[in-house]
Amino acid sequence: MTKLTRRALLASGAGTALALSADPRIGVGQTNEPIRLGVVTPLSGPQEFIGSFVKNGAEVAVDLINKAGGVRGRPLALEFRDEKANPAAATTVARELLGMGINLQFGTIASTVALAYGPLMQAENGVNLTCGAGSEKINHENYSPHVFRIGDGTYRMRAQARMMAEKFPDVTSWTGIIPDHEYGRTVWAIYVDGLLEFYPKITGKQPQIVDPIIVPYGSGDYRNFITQAARTPARGIVNATYGGDAATFFQQARPFGLFNNRILMDAANEFIVANALKTQVPKHWTGTHWYYAANSSPVSKTFYEAYVAKTGQKMPMGWAGEAQAAVAAYAAAIAKTGSTETKAIIEALKGLTFDTVTGSRTIRAEDNQAIKDLEMIQIEPDAGSDVGFKVSDYVKIPGAGVIEPATPGKAMVLRKPS
Amino acid sequence: MTRSPALRFLLVLGLLTGAALLLPLVANRGIVFLAGVVAINVVLGLAFNLLFSTAGLLSFGQATFSAAGAYAVALLLLRVPEIPFLVALGAAAATGAAIATAIGLVALRRTEGVYFAVLTLAFAELVHVVIAKTSFFGRNDGLTGIPRPRIGPIDLADGQAYYVFVILVTALLIACLWWVTHSRLGRSFRAIRLDPMRAAFLGIDVRRRRLEAFAVSGACAAAAGGLMGPLTSIVSPDLAHWGESTKPILFTLLGGAGHFWGPLVGAVVFSGVEYATRSLAGASDLITGGLLLAVVLAIPGGLLGLAALVVRRLRRRERPATVTDAAAEGARP
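Here the protein sequences line up with chains A and B, keeping their order.
Under UniProt numbering, the letters of the first sequence match residues 1 to 418, in that order.
Under UniProt numbering, the letters of the second sequence match residues 1 to 333, in that order.
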């Protein structure tokens with residue numbers, strides 16, 4: 001074995017220190033080195049199914065940009081980390097990426113994780129773009145200049161309430177199946193705010209808000225809650241349970257006929273429940289970040305084709321589109337400012353208008369919230385379809401008409417039932 | 001090498017602390033952050049081992065104490081920002097000791113062995129549910145935006161100041177745990193572990209000593225947990241999850257339960273494996289778990305146990321030669 005001499009040890013130590021102290025974030029255009037973007041998203045655990053769309057969407061978006069020549073001649077490169085849907089794990093890997101000099105990050109889908117990033121990114125001089133986190137606190141009371149929501153946020157539920165008022169003016173009594181966590185509480189509070197604003201405006205009727213049924217997160221047995229909901233006078237139910245929980249809830253609600261004479265508005269499960277229940281899925285509406293079949297822009301079509309070619313999945317869900325939007329936002333900001341430095345990117349992102357799979361989006365400078373059009377689809381069972389269900393209706397509502405006013409640093413003022 | 005155990009301990013602790021303090025000079029801030037987490041984990045492992053190897057108590061609920069400390073500091077820093085940080089840390093340790101005493105009073109009254117272990121697990125789950133359901137603790141979302149405090153003129157938010165603070169406090173906690181382990185109190189803990197009946201016959205109040213061991217372990221774990229909030233800027237109910245309670249057990253088994261430094265070796269190796277496999281999403285937990293299983297099954301004495309075995313064998317190989325040489329020397333006229 002080669003002996004390690006004192007001289008060699010000193011030389012290698014000094015060399016390592018020198019290499020590590022070098023700042024890799026230099027001006028774009030001075031080098032052809034790839035621009036590294038960090039993707040911190042759940043790649044294992046219960047939310048892996050969402051993280052996989054973020055991962056694939058980000059890879060497809062970066063491939064397309066790199067094939068077109070990159071950003072100012074430099075290719076983009078992605079560095080993935082698994083946040084396991086755990087805020088502590090997420091902040092740990094985000095710090096690790098920051099330590100590697102990767103200050104531009106995205107991929108967050110959980111509200112708690114996005115809320116944890118505010119002070120972290122501010123202290124460690126990084127930027128994070130969330131890809132689906134729904135809490136209103138992100139751009140209101142917990143606003144941080146270093147965190148941007150490049151997708152639909154709080155106002156998606158307001159758009160869903162507006163659509164209900166337009167489509168179902170007679171369904172004026174509402175309750176909710178709300179999981180006991182930040183996302184669930186946000187969904188209910190904002191949806192109620194939307195109902196109380198749009199029903200009187202559009203139908204001239206005051207909606208009746210029935211106290212929501214709060215369910216434990218990760219519950220395996222919803223039967224008590226289902227009978228509770230069935231006893232209420234509500235003709236409309238908003239569901240905020242997610243993923244496997246929602247599939248369990250929908251399945252267990254079938255024998256009780258909970259959805260037979262009621263309108264079901266699901267917050268954002270997209271195809272998750274339908275994929276699980278197939279022909280057993282109840283007819284319902286759901287919010288989606290991006291419905292590929294209804295977006296015919298060249299950006300959407302190219303992205304969809306590349307996504308199918310890469311993954312073989314013909315029905316990608318909207319989180320893939322949110323990842324595309326995040327990559328597009330960074331690419332546009334870097335192209336605009338010519339730098340990858342945090343301060344320059346934050347300045348470039350504020351007020352930025354950029355092209356995405358759902359069309360053009362503009363980031364509101366005051367609170368870092370993107371204004372985008374909101375999409376909703378109606379899903380119903382279809383025994384004749386390969387997948388056991390079909391999308392039977394689609395609605396797009398312009399974001400500008402439903403977005404709440406910007407109040408960075410202050411809590412959002414919500415309408416509450418009297 | 002010195003023969004005094006205290007001096008030997010201080011030498012090792014000094015070397016480890018020095019190495020940890022020099023880390024920011026050669027590693028990026030991500031690694032330095034992880035080193036801070038490892039330092040806290042080391043104390044959690046050592047606090048568990050005080051119970052397990054010294055007092056003979058198997059606790060499955062250690063996360064209760066670290067989470068209690070983390071929440072105590074987080075709440076104080078967020079709601080009473082003018083409180084001196086050292087007072088907040090002291091409050092965290094006191095909270096840990098109080099909760100440990102309360103749980104111990106119930107759990108140690110009639111149970112021991114596996115029943116005691118299961119009861120600690122039940123209490124831990126109760127605490128986890130209470131945290132996750134109480135608005136005061138931020139429910140499932142936890143508390144975010146925990147600031148890095150000041151200590152007098154020193155702003156711990158500056159550069160690596162908080163990391164240095166974490167290293168110094170964890171070194172102090174390690175020294176406390178070593179002192180307890182080797183003190184008269186520690187010897188009475190060991191006497192109870194070896195033979196509680198004989199210990200009681202010799203006049204040792206077995207229940208009281210076990211309660212003291214539980215309280216000391218809880219206080220140290222809570223003080224270490226209290227360091228976590230300002231480090232990560234978030235505390236969440238996950239900290240009190242039973243999965244967190246298994247980590248100190250794993251560190252101890254991996255490093256070697258029979259050695260004071262065993263949990264330290266375990267925590268460092270565990271974190272190293274986790275870090276090396278971090279980009280292998282999904283497979284990471286499998287690899288870490290598989291390696292742990294292999295080490296625990298193949299080397300029951302842990303890594304330090306294996307090291308000690310190797311050293312003993314090497315010495316045994318050297319010894320006959322020395323004896324022959326000595327005999328030859330003695331045979332000379």
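Some clues are possibly wrong.
In the DSS-like style, the derived pairs of lysine-lysine whose C-alpha atoms are separated by at most 30 Å in a straight line are [as the list claims (entries may be wrong)]:
id: 1; chain 1: A; residue 1: Lys310; chain 2: A; residue 2: Lys167
id: 2; chain 1: A; residue 1: Lys283; chain 2: A; residue 2: Lys390
id: 3; chain 1: A; residue 1: Lys167; chain 2: A; residue 2: Lys67
id: 4; chain 1: B; residue 1: Lys247; chain 2: A; residue 2: Lys416
id: 5; chain 1: A; residue 1: Lys301; chain 2: A; residue 2: Lys278
id: 6; chain 1: A; residue 1: Lys67; chain 2: A; residue 2: Lys283
id: 7; chain 1: A; residue 1: Lys205; chain 2: B; residue 2: Lys133
id: 8; chain 1: A; residue 1: Lys336; chain 2: A; residue 2: Lys314
id: 9; chain 1: A; residue 1: Lys410; chain 2: B; residue 2: Lys247
Bear in mind the hints are in silico, worked out from the structure with no lab data behind them.
The hints, checked one at a time:
1. Distance hint between lysine 310 (chain A) and lysine 167 (chain A) is unfulfilled; the C-alpha atoms sit about 38 Å from each other, more than 30 Å.
2. This hinted pair checks out: lysine 283 (chain A) and lysine 390 (chain A) have alpha carbons roughly 10 Å apart, not beyond 30 Å.
3. Distance check on the hinted pair: lysine 167 (chain A) and lysine 67 (chain A) sit about 43 Å apart at the alpha-carbon level, beyond 30 Å; violated.
4. A hinted pair counts as satisfied when its Cα atoms are at most 30 Å apart, and lysine 247 (chain B) with lysine 416 (chain A) does not qualify at roughly 45 Å.
5. Restraint check for lysine 301 (chain A) and lysine 278 (chain A): the C-alpha separation of about 26 Å stays at or below 30 Å, so the hint holds.
6. Restraint check for lysine 67 (chain A) and lysine 283 (chain A): the C-alpha separation of about 41 Å exceeds 30 Å, so the hint is violated.
7. Pair hint lysine 205 (chain A) plus lysine 133 (chain B) does not hold up; C-alpha atoms about 36 Å apart against a cutoff of 30 Å.
8. As the CA atoms of lysine 336 (chain A) and lysine 314 (chain A) are separated by approximately 34 Å, the hinted pair breaks the 30 Å bound.
9. Annotation: proposed proximity of lysine 410 (chain A) to lysine 247 (chain B) is violated, straight-line Cα distance about 40 Å (limit 30 Å).
Comparing the model with each earlier hint shows violations of hints 1, 3, 4, 6, 7, 8 and 9; every other hint is respected.
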